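Here are the chains, one letter per residue:
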Amino acid sequence: MRSWLIQGLWLAAAAGLAVGGGALQRPMDERGSRFGLNTIDRQVAQTHPWVALVNIAPGGLRAPIVDYLWIRAEKLKNAGRYFDAMQLADLICTLQPRFPGVWSFHSWNMAWNISVATQTSEERWLWVSNGMKLLRDKGLAYNPQSLLLYKDLGWVFFSKMGQNLDDMHMIYKRRWASQMQRLLGAPPTGENAKVIDTFRAIAEAPLDKNLARQGRQTIQPDQLAVLLSDPNAADYARQLARFAVGIDESLLDAYNRFSLDEAANIVRYQPPSPRTPEERSLTNLINSPAYVQARGKLLAFVRAQVLWNTYKMDPRWMLGLMEKYDAPLDWRLVWPHALYWVSYGMHVCQDVDLASITSLNTDRVAFASLQAMSWNGRMTYMDNPENPDLPMITLWSDWRYIDSVHREWLAMIEEFCKARGEKLENSVLKPGHINYLVAAIQMLYVQNRHEKAQEYLDWIKTNYKMTGDIWDLDLGDFVVKSLTDNDTPTMDVTRSQLTAAMEMAFYFLALGDQAAYRDNVRYAQRLYQAYQKASQFQRIKMVDFQTLAGAIAAQMVVEPRAVGLNLPLIARANLYTRLERQIQLAAFDRLSGSRDLQRLCQAENLDFDQAFPTPVGIEEYRSQQRRMLLPAAPPSP
Amino acid sequence: MRGIWAIARHTLSHCLRMKIAGAFVLMLLAILAVLPMILQGDGTLAGRIRTLLAYGMGVTGLLLSVVTLLLSVGVITSDVRAKAIFTVATKPLSRWKYVIGRWLGVVVFVGILLVTSAVTIYAFAQHLRTGEALNPSDRRAVETEVFTARRQVRPQPIDIDTLTERKRRQLQDEGRYQEAMKAFVAQTGGDEQKARSLLEEQIRSQVAGTAQSVGPGGVFLWQFNGIAVAGNKRTAKGQVTLVDEETASLRILADDELLGSLVFGGPVRVNGVDLRVTRLEKEFFEVQPSADDRAGGRLASLVSGAETDIVADPTIQLSYKAAASVNPTDKLLRSIWQLDNPATGFRYMELRSDPVATPATMTVSARLVDPNGRMDAQYVNLPDSQGKGTSVTILENDIAVLFRMGSFEGTFIRGTVMILLQLAFLAAVGVAAGSFLSFPVACLVGLATLPLSMAGGFLRESLRLNPESGPATDALTLVGAWIFRVVRVGLPDFAQTSPVDSLINGMNISWEYLAQAALLTGVIRTLAILVIACLIFQRRELARVQV
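Protein chains in written order, with the working numbering: chain Z, 1 to 637; chain R, 1 to 547.
Take the hints with a grain of salt, since some may be wrong.
As the list claims (entries may be wrong) - Which stretches of chain R does chain Z cover? Using the computed rule of at least three CB atoms under 8 Å from a CB of chain Z, they are:
no.: 1; segment: 21-35
no.: 2; segment: 134-140
no.: 3; segment: 329-337
no.: 4; segment: 347-354
Claimed, not checked - Simulated pairs of lysine-lysine, PhoX-like, Cα-Cα distance not exceeding 20 Å:
no.: 5; chain 1: Z; residue 1: 423; chain 2: Z; residue 2: 465
no.: 6; chain 1: R; residue 1: 97; chain 2: R; residue 2: 83
no.: 7; chain 1: Z; residue 1: 430; chain 2: Z; residue 2: 418
no.: 8; chain 1: Z; residue 1: 461; chain 2: Z; residue 2: 481
no.: 9; chain 1: Z; residue 1: 312; chain 2: Z; residue 2: 209
no.: 10; chain 1: R; residue 1: 321; chain 2: Z; residue 2: 75
no.: 11; chain 1: R; residue 1: 321; chain 2: R; residue 2: 331
no.: 12; chain 1: R; residue 1: 331; chain 2: Z; residue 2: 77
no.: 13; chain 1: Z; residue 1: 77; chain 2: R; residue 2: 321
Hints in this document: simulated from the structure, not taken from any laboratory. Everything numeric in this text was worked out from a predicted model, so none of it was measured. Cβ atoms here follow ideal geometry from the backbone N, Cα and C, with glycine treated the same way.
Construct all of the structure, not just a fragment, from the sequences and the given hints.
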């Protein structure tokens, strides 16, 4: 036989074998996948070829390499050297990508152990966010069905960032708030429906939720094309492009810098100040009434895309949570994210839809997060011009969550009672529920929502059959008694109640509602007296009531936004002039030294001395204060 | 010598022609080019540079080690296989000169590669150094903990002997010593001498433990001697950007490097006036001069926009590790550190919270060190966030003062030489293996040597026999451990002598240490292997078929 023929036959045989091998490969892969024999499944191999390569290339040496890396990571950690921790964790996890425990361990190590070993707030945040990102951006990408990782991620938000176990917890809250403010802006103030409707635009923006392409690009080009099929949106995008503003994060930057919308403006100390003619034109375009709808669409689109591709969050699920709980979730807070990740994990891993998610089948983090938002769900956010990543934030209790939490309690107790065959009033969960409702009644009362507070008090009495003792008191007495009943109320609780009551009082005073003002002052005084009476030691007693009230009044006049109110200057002047003399005296020195207030008066052509006149008797008050500060005279012989 | 050099030059050109060398060189260059882009460290600039140095030098060392082994084996075995050795053997050249020449040629070749790689890594590190730091403490870490060469001193040792003696006397006076002795004698089966030694050991360890622990509110005192700060003062210009009358503070804009030299609460000289830093941010620092300084002194002219002369002291570091008898709820130990210059009384205090049993570092001004190199340190053990206290232990070996005593460049060069010594040793192993084995077998021997030398520490720990497990230890582990012990006698532990840790921690590699390593690895061990190689090759029948 001729040699070329032999060669041809061999070649044909080789080609046949190659094709045969290829045909057999797929069923073998499928079988391997079905029986869990593949280290790397097809999807991971396709979406993360680097991971597939790293896992296959070392062959049998993979195990000793992983061992070596673990030992090195531990050694460096014990030596207090963390520079390589991130890289090593990444490598170890990449070598064992389908082992959720490994991701969980390294994320925990960074967020909890390494972070506290650093001394500056920047480094502390870096490690907490590194731990969070390891789970969110990598761990979940390789293990989208791992409930453990979703729960861990929720726990980072709830415990590490949300609770106050870490002395830098406020830094984490501020850093996170700044990221979300930049992305989503401040939610509108007002009723739940308005907040939810504002978010709806983001949830309905064009977005391809194919996991394989998540995070590959910040903006999906095909979805952008869908958006720009709207001629108005396309026109606005063209106008923005003249200023080098694209339909991406540069749009968010421009919006945050120049927009006069409440979502951006409410957090600023000063209105936008465009410096160049080009910036002035961009400011006009960003605020142009002609493009309100187009602007809303573009912003919603960019926000949805960034949420999905950068923060790996599903805007529809976010909206779903807001609707399910009928809650005005402020995504700048950390607790809504804890709620999101835990509930989303249930949805992805156990195919549980929103309606079926209950407090009983969900991790306790979800319920605790919702409850935490009753006490911290309202945020006042002020830009920090010196460090935009660290805004000034204040957290306030938010009565809008009470109904949702109460419903969750009820649903949970109902299921629990059904399972154990118990009656509602005998449920072991009853004390917890009552404690929550009593605290809610205290909060509602101090916020002048007496009707709602009464409603909950009646509910407890009717459904839990509570009678006698404090349960027979009227609402006002009930609140004071419940606050002071268990030994001395803590100074923190009294101060927060007292502050809230006086803020409400001054708010009503600014509006001219004297009756509501007096109601709140009366409540604050009763609380103050009950506290002072119960405090046995001088060191835990509070300063006199007028001084306290003066400090609160001064703060409301100087910076009402810090307490969550948006009072115009004239209303602040009214508030000041309507104050009782003793409170006015206590407030005057605090507010007259404020340069911001003086500058504001100047900007609005208001004479500071007329708006905030010096109260009569100020010198006498000052000398009285000085005398009080002097040390007590020694006893005469 | 001429013969050796001729062979070495021939080897050098031989190496340049070998494809395997080319492949490794390309791989090395590709990795070095990619490393700075893919390594992120921990997000800080110092972390990035440290990671680059660690991985860059590590990868260079590993790849060049493999290249060295393959080349050193290949240059002799290829001559034998291709029968080119016959033409050499017939020349008026001793066989030992041939072996040494081959070795030298390989060493020169890998030396060139090493220097090229080291220069590349150094250039990348310097480039990264110009990048933006996370904050002033990050910049300070770059300048004072990475691009430096530091030495450490431990505190004055505790006089354990005297304390033990005192404790023994006290126990004897109370009659407890004799009681304890009886118990130990019973425990040792009547061996009084052994019992006494055990008891003495226990008393000593108790005394040492007590001397190195303090209860809640307790205070540690240490004295450090021999601190010889070699750093320079940093002088720069700054610009006043804010004169705050309310807080009586000046805000001064300064460059990144100067800010990196300042410490919060530490000293700074502004227009010749000594002040303390009251705020330290990424682009500026603040000071609060006294009213006198502001009124008529050298700061009177400082208004917003004015230029100032700033002088920052060199810094030193205090590193320590505190352990707790009971872990606090948040696992953080709160303390106040007070450092004093014994001569001038200059004092620095810092409130700290450090994780339990984790090394911590504090950077302070070198002004705390007196002209005789002394500094006093005091640690106050504060209660935790719940108001509860715990006993804290800081062992003598867990506290040290680190101070600059040389340049990073000097350490980098000496570190590179240490890697070269390792490569020279591996080249000797390769040449020795190639002198009597065929290429594949010699490679196997060489490549088996490599992990034993490079991952010595890891293997030692993995194969460490646990005395408590006793006979339960499986046979395989026992055999492995003993084989490793025997092999380790002749092999150097590259992990111990690796310069990488010193480079990333900014620790000085002294000439003495280098000389010691050169003597042990470069002279004794390498020479021993080369002598063996020469003896084997001298007696070898070159015409015989090798396996």
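How the hints compare with the structure:
1. Under a criterion of three residues with beta carbons nearer than 8 Å to beta carbons of chain Z, the stated coverage of the segment 21-35 of chain R fails, only 0 such residues being counted.
2. Only when three residues or more bring their CB closer than 8 Å to a CB of chain Z does the claim for the segment 134-140 of chain R stand; here the count is 4, and the claim holds.
3. With 3 residues having a beta carbon nearer than 8 Å to a beta carbon of chain Z, the segment 329-337 of chain R meets the requirement of three or more and the stated coverage holds.
4. With 3 residues bearing a CB less than 8 Å from a CB of chain Z, the segment 347-354 of chain R meets the requirement of three and the coverage assertion stands.
5. Taking the CA atoms of residue 423(Z) and residue 465(Z), the gap is near 12 Å; set against the 20 Å cutoff, the hint holds.
6. With a C-alpha separation of about 18 Å, the suggested pairing of residue 97(R) with residue 83(R) holds against the 20 Å cut-off.
7. Our distance criterion of 20 Å between C-alpha atoms is met by residue 430(Z) and residue 418(Z), whose separation comes to about 14 Å.
8. Proximity of residue 461(Z) to residue 481(Z) is assessed by CA-CA distance (about 16 Å); at most 20 Å being required, the pair is judged to hold.
9. A threshold of 20 Å between alpha carbons decides the hint, and for residue 312(Z) with residue 209(Z) the separation of about 10 Å falls inside it, so the pair holds.
10. For the given pair, residue 321(R) sits about 15 Å from residue 75(Z) by alpha-carbon distance, which is consistent with the 20 Å threshold.
11. The suggested pairing of residue 321(R) with residue 331(R) holds, with an alpha-carbon distance near 13 Å, which does not exceed 20 Å.
12. Straight-line distance between C-alpha atoms of residue 331(R) and residue 77(Z) comes to about 15 Å, which keeps the hinted pair within the 20 Å bound.
13. Only pairs whose Cα atoms come within 20 Å are accepted, and residue 77(Z) paired with residue 321(R) is accepted, the gap being roughly 13 Å.
The earlier numbered hint that this structure contradicts is number 1, and it is the only one.
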